[in-house]
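S.K.: Here's the letter readout for the chains.
There are 2 protein chains.
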Amino acid sequence: MNVFIVYAHPEPRSFNGALLERSRAAFARLGDEVRVSDLYAMGFNPVPSGADFTDRSPADRLDYYAEQKRAYEAGTLADDIKAEIEKVAWCDLMILQFPLYWFSAPAILKGWIDRVFVPGFAFGGGAWYERGGLVGKRAMIATTMAAFPQMMAPDGINGLLEVNLWPIQNGVLAFCGFDVLAPFIANAVPYVDDARRARILDAYDNRLTGIAVERPLSFHRRDDFDARWKIKPDVEPRTVGHYFAGVPVDILGRLQG
Amino acid sequence: MNVFIVYAHPEPRSFNGALLERSRAAFARLGDEVRVSDLYAMGFNPVPSGADFTDRSPADRLDYYAEQKRAYEAGTLADDIKAEIEKVAWCDLMILQFPLYWFSAPAILKGWIDRVFVPGFAFGGGAWYERGGLVGKRAMIATTMAAFPQMMAPDGINGLLEVNLWPIQNGVLAFCGFDVLAPFIANAVPYVDDARRARILDAYDNRLTGIAVERPLSFHRRDDFDARWKIKPDVEPRTVGHYFAGVPVDILGRLQG
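Going line by line, the protein sequences match chains F and G.
The first sequence begins at 971 in my numbering and counts up one residue at a time.
The second sequence begins at 971 in my numbering and counts up one residue at a time.
Worth flagging that the hints you see were computed from the coordinates, not collected in a lab.
A virtual CB, placed ideally from N, CA and C, is assigned to each residue, including glycine.
A couple of the hints might just be wrong.
Derived list of chain F stretches under chain G, where covered just means 3 residues or more per stretch with a C-beta under 8 Å from a C-beta of chain G [as the list claims (entries may be wrong)]:
1. 980-994
2. 1016-1029
3. 1032-1039
4. 1139-1145
5. 1207-1215
Pair by pair, the computed Cβ-Cβ distance ranges are [claimed, not checked]:
6. 1198/G x 1026/F: 53 to 63 Å
7. 1050/G x 1176/F: 39 to 49 Å
8. 1105/G x 1172/F: 36 to 46 Å
9. 1160/G x 1024/F: 18 to 28 Å
10. 1062/G x 1118/F: 32 to 42 Å
11. 1045/F x 1100/G: 49 to 59 Å
12. 1090/G x 1120/F: 21 to 31 Å
Some chain F residues flagged as far from chain G (calculated, every beta-carbon gap over 10 Å) [as the list claims (entries may be wrong)]:
13. 971
14. 1007
15. 1043
16. 1169
17. 1171
Whenever a hint applies, use it, and build me the whole structure from the sequences.
M.R.: Structure, rendered in structure tokens:
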């Protein structure tokens, strides 16, 4: 397998750094090839701008999406974006590794997605989910958090983990066609001792050993929806984003009592 | 009211630019004071680093959260962070205005949250939700998207809007103590004509006219949860993050059929 790790932690001496090194060792042992984009170390720029297109007039009104699409086809994306696209295209498995900041990705990783997953490459007009640009590849979130597992549960204070991860797991990864693997979660990292950290590293190693054949999570397919993007009558809603079909939701989006 | 608009669009001639100007006019008419952080125009840096703390040794291992907490108390945060904290502290209403990128905030806004909502100011250890640092203030997302409304519904292809917005609305805003107002959503912006755009601007103006007295959305309180962060037996789960209590969820987080 070709494995691409997008890594977003500023401190190599962190537990994230230890997880990264452990994953490098595991994939080396398995005979897989690994490339890493260490976003902080690269000084990766997460802010989209007109400078992302080498053939654009700076005075023009910036329509970033339209420019992305045009420049991808014309081969005029900025070099740092092209380099990342090449790595995504190369890989069989992409791991997004990051500490959870505000129940989501750190800005440097969010901006990597914003700039690199360009239309024409990662998806197209209507070419979403099983018709997305990255079909046939696997992807996984590997994240550390301060929260304890019971806090990120349906009856926990911060709500179900999978609701928190929905915008990335469904909205980015499944949307572009990846087979999305269950996230690897290291909980309560600031509060555990070295023995517990060693066990988390072992668990990550074990998980990666079987990852090439692991069964992906189940997200809905584009073909589960009709021409008006509504779920077909014979399809059962089966994700945390769709489970509310049939549940009364008022105009503000609140569930009614 | 003191209104603070955090604005994240790179092009003033965009529809987001028009919404911003309309909101300035509406608040001026209402006699409210408005401050705007125009993140792209400011060249706001969304990437946390050791340079965010003026009294730290660059050679030290970076524990960003611990440094944020310490530097907030010591008054040694970088000036750009201090300036934003001062605006958040000043406001009665904070609007996060942005185009939806990948079902979430653009990186420049995510990084604004990552760097500005420091522990000690926005929240503390266990000082979350109604005990958060920003209690008494209101907050609202105002966002534009290419998606049509029926795509962001419980039975729509991308899942319920409120699941997509959960990490920001619950995980950032409610978590810090804000009263969270229903989001203002401008749908299908690339596909609508000028007349429809004018109606969206009017709708935004109307919405802002009543915003000081609008009833907030309902999120769970910290006191709805017990000492182990589990929902109390007499509390009914009532948000999209908690609705799954009692629904079988397997170890990978998938809903079972």
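S.K.: If a hint holds in the structure, say so; if it doesn't, say that too.
M.R.: Hint by hint, here is what the structure shows:
Three residues within the 8 Å Cβ limit are the bar, and the segment 980-994 of chain F against chain G gives 4, so the coverage statement holds. Beta-carbon proximity to chain G at under 8 Å applies to 5 residues in the segment 1016-1029 of chain F; the threshold of 3 is reached and the given coverage holds. Using a Cβ-Cβ cut-off of 8 Å, 4 residues of the segment 1032-1039 of chain F lie near chain G, which meets the minimum of three, so the contact claim holds. With a threshold of 8 Å between beta carbons, the proposed coverage of the segment 1139-1145 of chain F by chain G holds, since 4 of its residues qualify and at least three are required.
A stretch counts as covered by a chain when three or more of its residues have a beta carbon under 8 Å from one of that chain; for the segment 1207-1215 of chain F and chain G the count is 9, and the coverage holds. In this structure the supplied range 53 to 63 Å holds for residue 1198/G paired with residue 1026/F, their Cβ-Cβ distance being about 55 Å. Evaluation of the 39 to 49 Å hint for residue 1050/G and residue 1176/F yields a pass: the beta carbon distance comes to about 43 Å. Here the CB-CB span from residue 1105/G to residue 1172/F is close to 42 Å, well matched to the stated 36 to 46 Å.
At roughly 24 Å, the beta carbons of residue 1160/G and residue 1024/F sit within the given window of 18 to 28 Å. Under the hint 32 to 42 Å, the C-beta atoms of residue 1062/G and residue 1118/F, about 34 Å apart, fit the expected range. Hint check: residue 1045/F to residue 1100/G, Cβ distance near 53 Å, so the stated range 49 to 59 Å holds. A hinted range of 21 to 31 Å for the beta carbons of residue 1090/G and residue 1120/F is consistent with their spacing of about 25 Å.
Interface exclusion of residue 971/F from chain G stands, the closest Cβ pair being 21 Å apart, more than 10 Å. Every C-beta of chain G lies more than 10 Å from that of residue 1007/F, the closest at about 15 Å, which supports listing it as non-interface. Look at residue 1043/F: its CB is around 18 Å from the nearest CB on chain G, clear of 10 Å, so calling it non-interface holds up. Consistency note on residue 1169/F: stated as away from chain G, and its beta-carbon is indeed over 10 Å from all of that chain's, at 17 Å minimum.
The Cβ of residue 1171/F sits about 18 Å from the closest Cβ of chain G, beyond the 10 Å cut-off, so the non-interface label holds.
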